[in-house]
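Undergrad: Using this note's numbering, you'd call the opening residue of the sequence shown number 5 and step up by one each time.
Wrong hints could be hidden among the right ones.
[What the hints assert, rightly or not] Quick list of the computed label-pair ranges, beta carbon to beta carbon: (1) Ser65 with Ile275: 26 to 36 Å; (2) Gln157 with Lys264: 20 to 30 Å; (3) Glu16 with Arg203: 38 to 48 Å.
I should point out that these hints are in silico values taken from the structure, not numbers from a laboratory.
Just so you know, even glycine gets a beta-carbon here, dropped at the ideal spot from N, CA and C.
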Amino acid sequence: MIYSEVLSEWFEHHMVEIEESTAYNYKKTLPYIEDALGGLEVEEITEHIIYEYVQSLLHSSLAYSSTRVYCKVIKLSLRYAVRRGYLKFNPSDDVKMPKKIRAEIKVFQKEEIPLILSVDGPDWVKNGIVIAFRTGMRPSEIFALKWNDINFQVGFISVQRAISRANSKTKITKTPSGVRRIDIDTILIQHLHNMYSIRNPDNAFVFPAPPRSKRDYRVPWNISKYLKDMCSKADIEYRNFYALRHTHATMLLEMNVHPKIVQERLGHSSIEITMEVYSHVTPTIQRQAVTAMETIAM
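Let the hints inform the model, and build the full structure from the sequences given.
TA: Written out as structure tokens, the structure reads:
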């Protein structure tokens, strides 16, 4: 049995068990994996062959995250082959992805945000910037917000859904940490009140779709294009929209907000993830610790 047949059979069985967005990402890899390995008999695939293929991906223009998906598809499909009796063992079991060298996180300075908001740009982009900067929410979560997710009286946003990259449909947030309450400040409450006062009462979404759209909500995948233009007008170095989330987290950590609170606001599954992603803030926290110790007499 050739490997391309195994891949096809595995995907047909596996796609019904996983998130639609995950299936979409897996499916994109299949033609390329088939092109490289699909003609081999499944018994001919060795650990060395898989290792060499993964190395070729790592040295290509493919993003590290995409290479991880390729590796996952190979591992899962060969595990399926073992379960089906096509193989006696999985040759990919000992093939490990090398640890990623984390790219430097770029953040905005808090003084830059008013400058960006002061230049010409679409209102929906400016509103998205304000929410991202003041909550740290992901773009896919911000643009899936409904008005009933916002509690104006108590002052919090309930994050319950996101827009899928696979098909731009809204989906329920799939992890317990993703479904969360984010307390919001009075400045954001007032901003949201202003947005609410001019809302379309027939649309439940905070960011309604433009006219003639087939959806009720706006899809944000092109928002960084507008942000880039606004940064240029404000004479500010461009950083993408996701950098607003990083900016929010970095500011809180630098202001000595407990990392556990930052983790909960961001929706990370563990505090370890938060501290790894924002390790660039550690020197600031260390200096704060030294300053605190200076006040303690012997």
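Undergrad: All hints are to be evaluated individually against the structure, with a verdict given for each.
TA: Evaluated hints:
1. Ser65 with Ile275: 26 to 36 Å: Holds - the Cβ-Cβ distance for serine 65 and isoleucine 275, about 34 Å, lies within 26 to 36 Å.
2. Gln157 with Lys264: 20 to 30 Å: Holds, since glutamine 157 and lysine 264 (Cβ atoms, about 26 Å apart) stay within the stated range.
3. Glu16 with Arg203: 38 to 48 Å: Holds, at about 44 Å.
Hint check: no violations occur; every hint is consistent with the structure.
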